[in-house]
Amino acid sequence: MPGVSRRVTISAVVLAVLVGTAVGAAGFTFVYAKGSSYLTDDPAACANCHVMNEQYSGWTKSSHHNVAVCNDCHTPHNFFGKYLAKALNGWHHSVAFTSGDFHEPIHIGARNLEVTEAACRSCHQDIVQAIEPGLLVRVSAEGAGDSRKVAERQGNLHTPPGDGTMSCVRCHRSVGHMELD
Amino acid sequence: ALATNIFERKQEARNPFFRVVELTDDTADPAVWGKNFPIHYDMYLRTVDQVRTKYGGSEAVPRAPTQADPRSVVAQSRLEEDPRLKTMWAGYAFSKDFREERGHAYMLSDQVFTERQQVTKQPGTCIHCHASTYNAYKKLGDGDIMKGFDALNHMTYFEARKQVEHPVACIDCHDSQTMQLRVTKPAFIQAMGRMKAAQGVQDYNVNRDATRQEMRSYVCGQCHVEYYFKGPEKTLTFPWDKGLKIDNILAYYDENPHTDWKHAETGAPVLKAQHPEFEMWNQGVHARSGVSCSDCHMPYTRVGAQKISDHHVRSPLLNINKACQTCHHFSEAELRERAEALQERTFRLRNQGLDALMGLVNDVKAAKAAGKTDAELAGVYALQRRGQFMLDFIEAENSMGFHAPEEAARILGQATNLLRQAQVLVRDPSFKPEIPDMLPAAAGDAHAGPGVGGKTVGNPTGGSGASGQGQGQQQQGQGQGGPAH
Amino acid sequence: ALATNIFERKQEARNPFFRVVELTDDTADPAVWGKNFPIHYDMYLRTVDQVRTKYGGSEAVPRAPTQADPRSVVAQSRLEEDPRLKTMWAGYAFSKDFREERGHAYMLSDQVFTERQQVTKQPGTCIHCHASTYNAYKKLGDGDIMKGFDALNHMTYFEARKQVEHPVACIDCHDSQTMQLRVTKPAFIQAMGRMKAAQGVQDYNVNRDATRQEMRSYVCGQCHVEYYFKGPEKTLTFPWDKGLKIDNILAYYDENPHTDWKHAETGAPVLKAQHPEFEMWNQGVHARSGVSCSDCHMPYTRVGAQKISDHHVRSPLLNINKACQTCHHFSEAELRERAEALQERTFRLRNQGLDALMGLVNDVKAAKAAGKTDAELAGVYALQRRGQFMLDFIEAENSMGFHAPEEAARILGQATNLLRQAQVLVRDPSFKPEIPDMLPAAAGDAHAGPGVGGKTVGNPTGGSGASGQGQGQQQQGQGQGGPAH
Ligand SMILES: [Ca+2]
Ligand SMILES: [Ca+2]
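Protein chains in written order, with this note's numbering: chain A, 9 to 189; chain B, 39 to 523; chain C, 39 to 523.
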């Protein structure tokens with residue numbers, strides 16, 4: 009979670025939990041809806057909500073069901089990020105599911121899509137290297153910074169890779185869920 | 039063994055490119071770049087392959103080399119395949135020699151040796167799209183590519199030819215230090231600038247302002263576009279000031295009167311359309327979904343543990359597996375059938391349009407034989423000019439309608455309407471022809487949309503474009519409905 | 039409350055339907071079915087809503103009820119919107135009254151009270167598509183719906199009207215015991231049988247052989263089709279013996295000569311095309327991808343924890359969220375723009391075709407005034423008949439090209455070509471018109487393809503169709519390239 013300091017991360021988790029328990033009958037809801045399983049990596053946990061059934065069955069047919077579970081793609085690949093995302097998503101999903109107030113069909117939002125994109129990149133670092141621009145910089149004897157500065161001085165360089173990355177999901181939408189096509 | 043293998047793969051993958059030689063902004067020779075990128079270079083060399091598809095690819099036709107034309111293999115002649123084309127271009131160099139285009143490796147020699155060179159004295163302007171020109175620009179312009187561009191335009195073709203050595207090469211599309219894409223052909227830079235300015239985006243600089251995904255089409259848009267040679271300077275110009283749709287281009291030519299030649303059989307002042315792949319792509323649903331030229335014509339391919347862009351640029355129908363199936367989960371046979379069904383419809387409408395044009399040419403000849411004057415035929419000429427340009431636009435576009443099937447059909451339908459009305463008008467000067475309405479300026483154009491900006495097609499909320507890091511770049515131009523920005 | 043809510047949700051999901059009343063094969067009244075399926079019934083009732091989209095939906099136009107026509111609200115008149123239609127249909131009942139179609143709730147009353155009933159004596163055949171007819175068939179045929187079908191055909195319209203009570207109702211599409219879809223209209227069963235037989239599939243029985251996904255379109259194909267009344271028996275007939283493409287239909291009418299009426303202004307013997315939604319859908323990329331009518335017009339909708347098919351059948355552009363976004367992950371605005379860009383192109387070509395037809399009608403009138411005889415004009419009439427039918431085919435199709443944009447454009451382009459050639463021929467009897475080639479019989483047709491068999495559109499391996507529960511049903515018919523099976 010670049011840009012989010014550890015303290016913010018932790019307090020957000022704490023806040024989410026506090027707010028969660030403060031709601032009346034929340035304890036029962038949590039247990040009854042198998043909320044605790046939400047904290048595991050078991051994909052079945054997600055499918056406790058039947059609104060997740062479609063994604064669950066899509067996942068079982070996907071190319072990744074042997075190598076990645078929901079959380080591998082839908083939570084950041086670091087400890088705090090993971091539980092922050094879970095807290096936010098978990099809270100958000102429970103409220104959304106219970107109130108019934110959400111867009112259907114469910115579509116992934118900008119923030120979660122970023123998480124997922126980062127997940128692809130994290131597992132597929134090797135390949136990412138090959139398809140990102142600015143790659144010579146990495147293997148060059150000079151530091152990345154230097155060669156970029158030279159190029160920038162010449163004023164003919166396209167926007168740097170950080171901003172110009174490409175989306176894995178544009179071509180590989182269905183790796184996690186077969187029927188997303 | 040398994041373990042070593044995986045280990046080797048990982049090594050390969052981690053260090054995909056070795057800097058064997060130092061590349062600079064002056065390294066023109068692709069073979070030198072090939073030292074650092076041997077796989078890319080091998081693929082690049084494979085554009086010599088010739089394989090036919092139903093409507094594309096090309097066929098290797100052997101010929102006896104002569105001193106004037108040493109080529110021992112050429113592509114099939116489109117004029118022999120369809121002699122109606124000779125009539126369409128009567129009086130113009132194209133009616134002497136016009137062949138199916140083939141791979142990039144041939145671009146320079148095919149241009150030098152086309153018989154079109156023998157019937158007309160061509161300007162240096164031709165060279166911009168048939169060679170690696172970046173270093174010539176820099177040399178002739180003392181480091182300023184814009185100046186070098188002008189210099190080349192002013193030469194004769196064979197003078198200009200001496201300034202260049204290679205077909206399009208690495209340096210025309212890539213920055214030598216970072217390998218990032220860049221546009222190096224001034225005609226594209228200028229045309230995009232003018233178009234954006236007309237849309238209210240000041241000071242647009244494609245190399246600064248375009249997203250990575252846009253660049254994956256813009257490098258092709260440097261050449262695969264409609265063009266003309268403007269004024270006595272013969273400046274290479276893309277007629278995009280009003281937009282990329284054919285209606286916009288026709289309006290441009292109305293305001294900037296230009297005639298390519300006088301039709302030899304009818305006498306009408308007509309225009310030649312050429313390879314508007316970029317313009318037509320822009321009207322299609324793929325562009326609208328953020329799918330770039332490179333996605334289909336240079337799809338990623340796994341080589342060992344690396345994944346690289348296939349520099350064997352060719353018909354995607356020769357490579358459906360990688361070119362289409364990443365996005366479309368249907369069988370190869372099914373995808374081919376879909377593409378060909380779209381092409382078949384376009385082909386029918388194209389044939390119908392050509393038949394109408396042949397009919398018209400005969401009618402005008404008969405009318406002239408019977409004593410009709412050019413002045414009396416002025417209305418007929420106007421219809422021929424417009425109708426023939428629209429017809430040629432799709433004939434010249436090399437995907438047989440695939441890049442934008444509905445738009446191709448619209449244009450051909452309207453072209454036939456114009457040409458058939460001209461046939462009525464020849465016979466009946468009191469006839470009042472109807473010219474089709476223009477489409478509104480930006481209707482249906484591709485636009486930033488989801489998928490552009492380096493981000494996914496799967497951004498449901500749209501509009502805000504807020505789904506990615508690419509965000510920062512998605513600026514001004516946005517939401518103004520301008521084409522392909 | 040939160041807890042109860044989740045509990046309710048879970049219950050709902052488990053036990054979606056409560057059997058309150060016993061339904062039998064004789065239960066005609068949808069209100070009774072509604073006791074078991076209250077949500078479906080509520081949705082079904084909402085087809086009274088009238089909302090306009092750019093090219094579809096409908097507008098509620100108030101009128102003063104009269105005794106002859108007690109309706110206080112009708113849909114807008116298409117004849118007033120575009121008076122060229124009156125000229126196209128001159129001499130036919132359609133030139134008197136033709137309105138935008140609206141929801142299913144109105145089908146019976148709109149048919150009874152259209153002014154078309156006043157200018158022509160219609161046969162009972164009309165009723166098949168404007169009412170719940172299943173129980174009438176059974177009654178009149180003593181349990182045999184085919185016999186009952188014949189009986190209704192032989193009646194006068196107002197006799198037939200007395201046999202029915204409701205607009206299309208649950209029993210016309212559903213089996214009362216299992217709620218499975220079924221086709222109950224004999225004209226569809228017979229037409230599919232003839233078409234399949236011609237393709238070599240003997241003894242095709244749609245209710246036995248069609249897959250579930252096919253049925254999700256076939257129930258609509260019972261009515262949303264081109265038809266004519268065959269022979270003196272006035273048998274409702276769909277002209278599909280040679281296939282569903284317009285070329286096949288034209289060939290059918292060539293072999294089975296039929297004329298709907300003589301054009302009042304030109305005298306040409308012409309055909310009326312009507313609502314070929316099913317035929318056009320079949321030529322589009324959605325059908326080819328296994329997307330059914332119900333996927334767009336009756337998309338799944340969550341009600342509580344249940345997901346049910348939205349029985350408020352209507353324009354998907356009034357419900358983009360559910361109708362399109364399940365498959366297309368773009369914003370609503372973007373999807374609307376895409377659909378409307380396709381429709382806009384079709385609309386232009388349609389207008390161009392209508393202009394050509396208006397020109398032709400005037401020309402023929404002038405020629406007749408100048409003394410030309412019907413015999414002399416026979417060639418012109420043939421072109422008008424063919425061109426006008428093609429034009430009307432797309433005009434009558436209610437999606438303004440959306441169901442198959444390239445096919446709509448092809449047809450309109452060819453129609454205009456024919457009509458403009460007719461204008462030449464009126465002036466110059468020596469002119470040799472060119473009739474467009476037919477497309478090969480099954481080219482471009484939808485086919486089983488991936489996604490059929492009740493499962494997802496995204497089946498990568500194709501062919502085997504092995505991605506879903508529907509599997510068991512995918513049998514004989516498959517893979518023979520026949521349309522929409
Ligand atoms: Ca070619
Ligand atoms: Ca309507």
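The set of hints was computed from the structure by calculation and includes no laboratory data.
Computed from a predicted structure; not experimentally measured.
Ideal Cβ positions, reconstructed from N, Cα and C, are used throughout, including at glycine.
Please note that the accuracy of each hint is not assured.
[Said to hold, decoys possible] Keeping only pairs whose Cα atoms sit at most 20 Å apart, straight-line, the calculated DMTMM-like set for lysine to aspartate or glutamate is:
(1) C:LYS403 <-> B:ASP466
(2) B:LYS360 <-> A:GLU140
(3) C:LYS345 <-> A:GLU140
(4) B:LYS470 <-> C:ASP466
(5) C:LYS360 <-> A:GLU140
(6) B:LYS406 <-> C:GLU378
[Claimed, not checked] Covered stretches of chain B (chain A as the covering partner; in silico rule of three or more C-beta atoms under 8 Å from a C-beta of chain A):
(7) 89-96
(8) 408-415
[To be verified] Not everything, but these chain B residues come out facing chain C in the computed CB check (under 7 Å):
(9) ASP64
(10) THR65
(11) VAL150
(12) PRO161
(13) LEU380
(14) ASP393
Hints, one by one, checked against the model:
Between LYS403 of chain C and ASP466 of chain B the alpha-carbon distance is near 16 Å, which keeps this suggested pair within the 20 Å criterion. For the hint pairing LYS360 of chain B with GLU140 of chain A, the CA-to-CA distance comes to about 19 Å; that is within 20 Å, so the pair holds. In summary, the hint linking LYS345 of chain C to GLU140 of chain A is not supported, as the alpha carbons are separated by about 42 Å, beyond the 20 Å threshold. Among the hinted pairs, LYS470 of chain B with ASP466 of chain C is consistent with the structure: their alpha-carbon atoms are about 17 Å apart, no more than 20 Å.
Between LYS360 of chain C and GLU140 of chain A the CA atoms are separated by roughly 36 Å; this puts the pair beyond 20 Å, and the hint is violated. Distance restraint check for LYS406 of chain B and GLU378 of chain C: the Cα-Cα separation of roughly 45 Å exceeds the 20 Å cut-off, and the hinted pair is therefore not satisfied. Check on the segment 89-96 of chain B: 0 of its residues sit with their Cβ under 8 Å from a Cβ of chain A, so the three-residue criterion for coverage is violated. For the segment 408-415 of chain B, the stated coverage by chain A is violated: 0 residues have a C-beta nearer than 8 Å to a C-beta of that chain, whereas at least 3 were required.
Interface hint at ASP64 of chain B: violated, since its Cβ lies 45 Å from the closest Cβ of chain C, which is beyond the 7 Å cut-off. A cut of 7 Å between beta carbons decides the hint on THR65 of chain B: the least distance to chain C is about 42 Å, and the hint is violated. Given hint, VAL150 of chain B at the interface with chain C, is violated; its Cβ is 39 Å from that chain's nearest Cβ, farther than 7 Å. Proximity of PRO161 of chain B to chain C is violated relative to the hint, the smallest CB-CB distance being about 37 Å (cut-off 7 Å).
With a cut of 7 Å, the hint placing LEU380 of chain B at the interface with chain C holds, because the nearest CB-to-CB distance is about 6 Å. Annotation: interface hint on ASP393 of chain B holds; nearest CB of chain C at approximately 5 Å, less than 7 Å.
When held up to the earlier numbered hints, the structure conflicts with 3, 5, 6, 7, 8, 9, 10, 11, 12 and fits the remainder.
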